[in-house]
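A.B. asks: Sequence:
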Amino acid sequence: MKKTKPLDQDILIGTEAHNHTTKVHNKLEPQGSIMEKLMDFASSVPDFRRLCKGNIRHKLKDAIILMMLARASKCVERGEIIEFGRCHLNKFRKLGMLKNGVPSEAPLCRMEQGMDDTALADRVQEFTEAFHGKLSKAGKEIICVNGKSERDTVLENGRNPDIVSACSYNTGITLATEACREKSNEIKAIPRLIGKTDKSGKIVTADAMSMQKDIIDTIRKNGGDFLIELKANQPSLRYGVEDRLKGHAPVYSYTERPELGHVRIETRTYRVFDGLDIIADKEKWGGNMTVIEYESETVRKSSGARTSEKRLYVSSLPTSTPELGSLVRNHWAIESMHWTLDFNLLQDKIKRKSARAARNLDTIQRIVHSVFSIT
Numbered sequence: 006m007k008k009t010k011p012l013d014q015d016i017l018i019g020t021e022a023h024n025h026t027t028k029v030h031n032k033l034e035p036q037g038s039i040m041e042k043l044m045d046f047a048s049s050v051p052d053f054r055r056l057c058k059g060n061i062r063h064k065l066k067d068a069i070i071l072m073m074l075a076r077a078s079k080c081v082e083r084g085e086i087i088e089f090g091r092c093h094l095n096k097f098r099k100l101g102m103l104k105n106g107v108p109s110e111a112p113l114c115r116m117e118q119g120m121d122d123t124a125l126a127d128r129v130q131e132f133t134e135a136f137h138g139k140l141s142k143a144g145k146e147i148i149c150v151n152g153k154s155e156r157d158t159v160l161e162n163g164r165n166p167d168i169v170s171a172c173s174y175n176t177g178i179t180l181a182t183e184a185c186r187e188k189s190n191e192i193k194a195i196p197r198l199i200g201k202t203d204k205s206g207k208i209v210t211a212d213a214m215s216m217q218k219d220i221i222d223t224i225r226k227n228g229g230d231f232l233i234e235l236k237a238n239q240p241s242l243r244y245g246v247e248d249r250l251k252g253h254a255p256v257y258s259y260t261e262r263p264e265l266g267h268v269r270i271e272t273r274t275y276r277v278f279d280g281l282d283i284i285a286d287k288e289k290w291g292g293n294m295t296v297i298e299y300e301s302e303t304v305r306k307s308s309g310a311r312t313s314e315k316r317l318y319v320s321s322l323p324t325s326t327p328e329l330g331s332l333v334r335n336h337w338a339i340e341s342m343h344w345t346l347d348f349n350l351l352q353d354k355i356k357r358k359s360a361r362a363a364r365n366l367d368t369i370q371r372i373v374h375s376v377f378s379i380t
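Last residue of the sequence shown: 380 in my numbering, with the numbers rising by one and none dropped.
To be clear, the hints were calculated from the coordinates, so they are not data collected in a lab. Check the hints yourself; a few may be wrong.
[As the list claims (entries may be wrong)] Listed below are the simulated DSSO-like cross-link pairs for lysine-lysine, each with C-alpha atoms no more than 27 angstroms apart in a straight line: (1) K287 to K145; (2) K354 to K66; (3) K289 to K315; (4) K236 to K315; (5) K287 to K207.
Just so it is clear, the structure is predicted and the values come from calculations on it, not from any experiment.
The task is simple: from the sequences and hints, build the whole structure.
C.D. replies: What follows is the structure, given as structure tokens:
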């Protein structure tokens, strides 16, 4: 057997991919509870087929487990999933699955496209909740909210389906997802997404798309806090804050040590302001807010070229909150998760013909990512 490569290296194909998933499966098996939860999750997904006809050859739950373990092995095409199932057919049968063999490409395609994408995503939320509490550490939990386009799936209107997700920074687990057909519809999808998560005592971080009154009100009413980037989609607030910052001194500021990464040296400075005299229409947003100014200075090692960038964030947290600026960097963790879905699970290289099939693929891959975080 060839030496198995870790997930963050080269793409696994053929025998190496099968060997890697054997390792993952063997890692899950002794723990029992994770594999049992995966089986319970697959069994809970409603079957869309007419079971009363009596001509159902393959169980839906078996196909879901097959797709999850194959995706963990970076199997991209359905033919690779089928090959993976045949390679490990004896192990599947020991678990009481695939008694009639591995589904062919046609029924596998029908099952993937026919599953209720909303029901499947909701079942994932139930699965992750079983482990989320055990993995959470002391202190306030941070929930990062952001959207991701399914780039290789193109809908009839020429757009890519967009999936908005809430991810726990503390555990690396996706807590909930919501689909929207266009990027602009994130404004409508995010309140539904936030409504699916427990926000009490937690901090929600998000990009400028979430700077909407109903989203802010929802977080405040449920006992949560927020940190959201401020951009020109709220022009009066953004430019008003920019103008007033010039005449106010920060409550405190600090500069992080220079950091080397991606062939550049970056120095970050954070300045924290009390928004009492800076934000004019604070009543609209539910009360006083804190303003965080983030400034980054970057030097490229190869050329010595210097660039600088400034961003503004608003938060419901008090100015005395230790290292408020660190929440800015914590939010970028969800971008790292999206990169993992693309690089390790090859999400952007898999084409799907419909938004439902694309979301089902996304859901299966997110549960695979959660399993890696749990183990």
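A.B. asks: Does each hint hold? Answer for all of them.
C.D. replies: Against the structure, the hints come out as follows:
{"no.": "1", "hint": "K287 to K145", "verdict": "holds (25 angstroms)"}
{"no.": "2", "hint": "K354 to K66", "verdict": "holds (25 angstroms)"}
{"no.": "3", "hint": "K289 to K315", "verdict": "holds (25 angstroms)"}
{"no.": "4", "hint": "K236 to K315", "verdict": "holds (11 angstroms)"}
{"no.": "5", "hint": "K287 to K207", "verdict": "holds (22 angstroms)"}
Hint check: no violations occur; every hint is consistent with the structure.
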